[in-house]
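Protein chains: 2
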Amino acid sequence: MAIQSVKGTRDLYPELLAPIRRIFDVWRSVSIRHGFLEYEGPTLEMLELYREKSGDELVGQLFRLTDAGGRELALRPEMTPTLARMVAARINALPKPIKWFSIPTLFRGENVQRGRLREFYQWNIDVIGAAEPAADAECILVGIEALRELGLTASDFCVHISNRRLVSAMLEAVKIPKEVHGRAFALMDKASSMPEADFAKVWDAAFSEQLAADRLRAVMSVPDPVLLKSELGPAVGGGELEDAILQTATVLSNLNDFGVGEYCRFDMHIVRGLAYYTGPVFEFYDRSQNERAICGGGRYDDLLGKLGKSCEPAVGFGMGDVVLSLLLEERGLSKPQRAEQVVFVADADPACRAHVYHIVAAIRRCGIPADFVYTHQPLHKQMKTADKRGATTAIILGDESGDGGATVQIKDMKKGTQRSVSMEALLQDPRRALEGAP
Amino acid sequence: MAIQSVKGTRDLYPELLAPIRRIFDVWRSVSIRHGFLEYEGPTLEMLELYREKSGDELVGQLFRLTDAGGRELALRPEMTPTLARMVAARINALPKPIKWFSIPTLFRGENVQRGRLREFYQWNIDVIGAAEPAADAECILVGIEALRELGLTASDFCVHISNRRLVSAMLEAVKIPKEVHGRAFALMDKASSMPEADFAKVWDAAFSEQLAADRLRAVMSVPDPVLLKSELGPAVGGGELEDAILQTATVLSNLNDFGVGEYCRFDMHIVRGLAYYTGPVFEFYDRSQNERAICGGGRYDDLLGKLGKSCEPAVGFGMGDVVLSLLLEERGLSKPQRAEQVVFVADADPACRAHVYHIVAAIRRCGIPADFVYTHQPLHKQMKTADKRGATTAIILGDESGDGGATVQIKDMKKGTQRSVSMEALLQDPRRALEGAP
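Chains as they are written, first to last, in the working numbering: chain W, 837 to 1274; chain D, 837 to 1274.
FYI, nobody ran anything at the bench for these hints, they're computed from the structure.
Be a bit skeptical, because a hint or two may be false.
Note that identical chains are pooled: a pair holds if it fits in a single copy or bridges any two copies.
[Stated by the list, open to error] Listed next, the in silico DSS-like pairs over lysine-lysine satisfying Cα-Cα at most 30 Å (straight line): (1) Lys932 x Lys1171; (2) Lys843 x Lys1250; (3) Lys932 x Lys1217; (4) Lys1037 x Lys1217.
Fair warning: this is a prediction, and the values are worked out from it, not measured in the lab.
With the hints as constraints, model all of the structure from the sequences given.
In structure tokens, the structure reads:
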């Protein structure tokens, strides 16, 4: 009886995993060269970890389970709560800033919609213990560098950068009271997906007195945070607004200094759904018509305080594998690397079987992939198999030379050329013998 | 409020993950050079997948959960059922033999005992579609090569090899009927952990007529399968016994031909708990007094037929990270590799801040890890940080040379030596400038 896989999960056959593995390798190497250390946490966490942090809405979408001891657990839907828990537990022992990355498997319990998986991978980059805008800029930089290394360019993606604190300060400066900022954020989040007139109607119903929709649109369209003050007019201001403008402008200028300014733009429409962001926020967008979000993140200075004893400033992002994989595939960039050399060892004479094993093992020990068939077959069959398995070089033992197996043939599978090497030389230094060094 | 982690799970802080990451890297590279392709499957499977294959005992220990649609799911306790399901779904399209590997996260739902984790990693190696003993030998070879690459030697571990089919044929040859082989296997599995006299008592109570305990002990102690016939006596025999002896002897001789004979021994005490093994079985043991099993596997020719449409011979093993990590740590072999070069970029003068970002980004783009502090600090503080972060090279911008930042100092952190390089040369080819090439 054929048992099905669980809906919304993936059977990653080798040809499907290979491009994802390439993404992981890039995520990992780019993280490391930017000074980030890798960590991992449990797939299972106590349910209350998410209740504490994410609010009831997210808890409703969790994959929940109960263990043998009756404890309520959940499959992690995001990595940040685990990170916050781990850091909080060792906050005094860890040297700051903490620069960590991880590539966890994450889960969603919701019913599956088109393109939404219930199990997926997400690269997480976080800097904890640094309030400087350079930390925000560095997180964004790492994300850009990974996409560049995967082959994407500034015409493929764009980083939209805003600042929750800046938008808050702006709302407050025009006398929209703090208590209704949540509602204002929610509306602004929907602004770009609504017809202008519809948005104006709902916005003006709530806030026309303080900031009419058409003025809001002009404000939200300024291309540079330092232009905000002149856009809002001389009567509007305050220290918090000025600080938030400076913070945002510094993130942007640091990104310029890092040499990635062309990938970035200031865009006040970016709000970010999650409740815990407190400062700069950003989203990486695919620039095609699809405009999919590749990655999102921002500053969350209050979260660690909620979960642990002491407050620590923090900034980070999550980049999933699914949208990124689609984008790379569309751009023809999802080809996995192939091994440069794959050797296939064949025996023309079954009496050489034991030598096949011996040589295969010796080549592999040099780090070169090598393969063979498990029983002797006619040579032409073995060569066909070598070809199917992508061999670049074949070694043929026991041909009709009649020298008792003292020499072997090395065949270049692309060029079709062939040369003799003594068995002794091959076993002594397989890499050298394969390179054809004299 | 501090929320705890789930019991039996691990918080893998960077210094704890690094040695595991090294194990993963070795598992992966050794798999690839032996011609295995990587696959992954879902963490979540339908509960019935395990009911079908593993029997009720294992199902009782599963981490079970129910999804929003009311389906009964489980967190995978082993990878083989997922592998069998995936292969069965594409059995006709996949070229044989299928040589695949994976490094999944696995789960146990049981209450946690000392040293038993509820979430752990396991390297899986499988060859499907090959009945030849060379396939069994190759699986064992891959395991040995990985342990060797991690630094372990023949005095650290030993592979014990038996054959279920051989033991069955032997029991049948002495007229112990098939129906009670299960009971005989269960007793033999416990033989090495029981006092001799106790074992003899229970064994003889059941089987003294066919094969007395002292004769069984002599039979099970033969060091080579080909000696079995003479040990059993000329009256005992049969084609199946001879075939099973040949199969076992071929696995052992192939291992010799692969050059790893010194790691292997024939040991009929190895039975393996899981019900699905049908041929050669093996366990890798730590050779210290602890005698922990590092890895276990064997041939399971019937499993795919149970899950899919067609039967395929198969052999494989699982090697967990937990016992292996302990062993490597005890042997002083768990040190992770460090990056050869880590550069720290410091500014002696805050006017050089923008250059710091510029240079850090340029060095990282060459693939060299580079770091810096997020705000200007006195130079001696920055150099202290460089030291703490393990920098091998420091680049110092804006010293008192007064040349307006046209040159930078490159300091070797170990030797303490320092030399000047022009900013232009550094930015043009950071790798070369850092190497000190003329």
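Evaluated hints:
no. : hint              : verdict
1   : Lys932 x Lys1171  : between (38 Å within a copy, 23 Å between copies)
2   : Lys843 x Lys1250  : neither (43 Å within a copy, 55 Å between copies)
3   : Lys932 x Lys1217  : between (61 Å within a copy, 14 Å between copies)
4   : Lys1037 x Lys1217 : neither (74 Å within a copy, 56 Å between copies)
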